[in-house]
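Dock chain to chain to rebuild the complex, using the hints, since each chain is given by itself in its own frame.
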Amino acid sequence: EDQVTQSPEALRLQEGESSSLNCSYTVSGLRGLFWYRQDPGKGPEFLFTLYSAGEEKEKERLKATLTKKESFLHITAPKPEDSATYLCAVQGGYNKLIFGAGTRLAVHP
Amino acid sequence: GAVVSQHPSRVICKSGTSVKIECRSLDFQATTMFWYRQFPKQSLMLMATSNEGSKATYEQGVEKDKFLINHASLTLSTLTVTSAHPEDSSFYICSAKGQGTGELFFGEGSRLTVL
Numbered sequence: 001e002d003q004v005t006q007s008p009e010a011l012r013l014q015e016g017e018s019s020s021l022n023c024s025y026t027v028s029g030l031r032g033l034f035w036y037r038q039d040p041g042k043g044p045e046f047l048f049t050l051y052s053a054g055e056e057k058e059k060e061r062l063k064a065t066l067t068k069k070e071s072f073l074h075i076t077a078p079k080p081e082d083s084a085t086y087l088c089a090v091q092g093g094y095n096k097l098i099f100g101a102g103t104r105l106a107v108h109p
Numbered sequence: 001g002a003v004v005s006q007h008p009s010r011v012i013c014k015s016g017t018s019v020k021i022e023c024r025s026l027d028f029q030a031t032t033m034f035w036y037r038q039f040p041k042q043s044l045m046l047m048a049t050s051n052e053g054s055k056a057t058y059e060q061g062v063e064k065d066k067f068l069i070n071h072a073s074l075t076l077s078t079l080t081v082t083s084a085h086p087e088d089s090s091f092y093i094c095s096a097k098g099q100g101t102g103e104l105f106f107g108e109g110s111r112l113t114v115l
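Protein sequences, first through last, are from chains A and B.
So in the numbering used here, the last spot in the first sequence is 109, and the numbers never skip.
So in the numbering used here, the last spot in the second sequence is 115, and the numbers never skip.
None of these hints come from the bench; they were simulated from the model.
Heads up, a few of these hints could be off.
Stated by the list, open to error - Derived lysine-lysine pairs resembling DSSO-like cross-links, with alpha carbons at most 27 angstroms apart:
1. B:Lys-41 x B:Lys-55
2. A:Lys-42 x B:Lys-66
3. A:Lys-69 x A:Lys-96
4. A:Lys-96 x A:Lys-79
5. A:Lys-63 x B:Lys-66
6. B:Lys-41 x A:Lys-79
7. B:Lys-64 x A:Lys-96
8. A:Lys-69 x B:Lys-64
Just chain B, same shape as in the assembly (with noise of 0.2 angstroms):
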């Protein structure tokens, strides 16, 4: 089946500085790629729609200065959590849509943990 990578699985930084997660469709080409974020226990909540070539479309109440999304290729979609902070610690989680299918495939996640 289609495969989502992302990386990395886990960082660590320190409170303000930027960190970068990347998100690859291995086998196949993404024209729409989705970002979630993930607090324990809790659901995923979409924070922004990344298409390929354009703006992403971000959700009420995410910052789209802190969290910058670039899909600058139809296999790979990017998100940079800018000047982090602890509240921004999560469980960072992309999805591609696949094509034709309509289906949604999900990366292994990637967790962020700001000191």
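Just chain A, with the same shape it has in the complex (with noise of 0.2 angstroms):
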């Protein structure tokens, strides 16, 4: 069954804190990873695709990387407006992304 793991399941950062989020997966036939950012009461906002292992992609203070296993998510010098839910999703062979509970992510100045 496929499966999707985020974690922490929150964290707060001090600004400019970097850190990085998680997302463990388990997928017959990974036809993609998806990196979505929530805020409070709005649908996901799409932020990065990875398709492969080793691929790594980059916004503004974000970036994606992508082994076999999990996808990294590194925030570098957080601002406040990074505060968000940052949501991970697999799409395997059914075509369905499959979401994780996300991270939720506060970042105090």
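Below, the structure is given as structure tokens:
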């Protein structure tokens, strides 16, 4: 059964304090691993798609990496506006997205 | 980028009534749309996959007679919660698959409260 586990469940950082979020997955036939940002009361906002182990993508203060078992979302020098829930999802052989429970990030000034 | 619009964003209804939520892809055609449900501080749970012109495919445990999905055109899918009850109160989110890219774009979500 396809499964996605995100850790930590919640993370509190000081502004400028870099950290990483983890997404561990098991899936039959990975078609893609997705990172989304979700603000309270809003739908998920697309960040990255990774397709194969070793792939990396960057966007501003965020960098996503992928191995055969997990993905990391690195946040460098975060700002308060980076506070949100970050969701990881995998797309397997059935073409459906399976989401993790998310990591709630709070960045304090 | 691609835009998916949901309406209404918030709806409050009485127990026993039906509520319809619309999901539109504004600048692209979506042959496949997905409907998710999200409870507070929990992740998105896929309810059903909606394909234009055919019956929706429901996930295990989702009542197809209660959550009616219609995908009548390439830009519109609707979710109707029939005979709503307080336990149906939730955040419903649709997504549409972009043509060619395979990326999923999400709507802003619809908050349903059943009194």
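Structure-inconsistent hints, enumerated in ascending order: Hints 1, 4, 5, 8 contradicted; others consistent.
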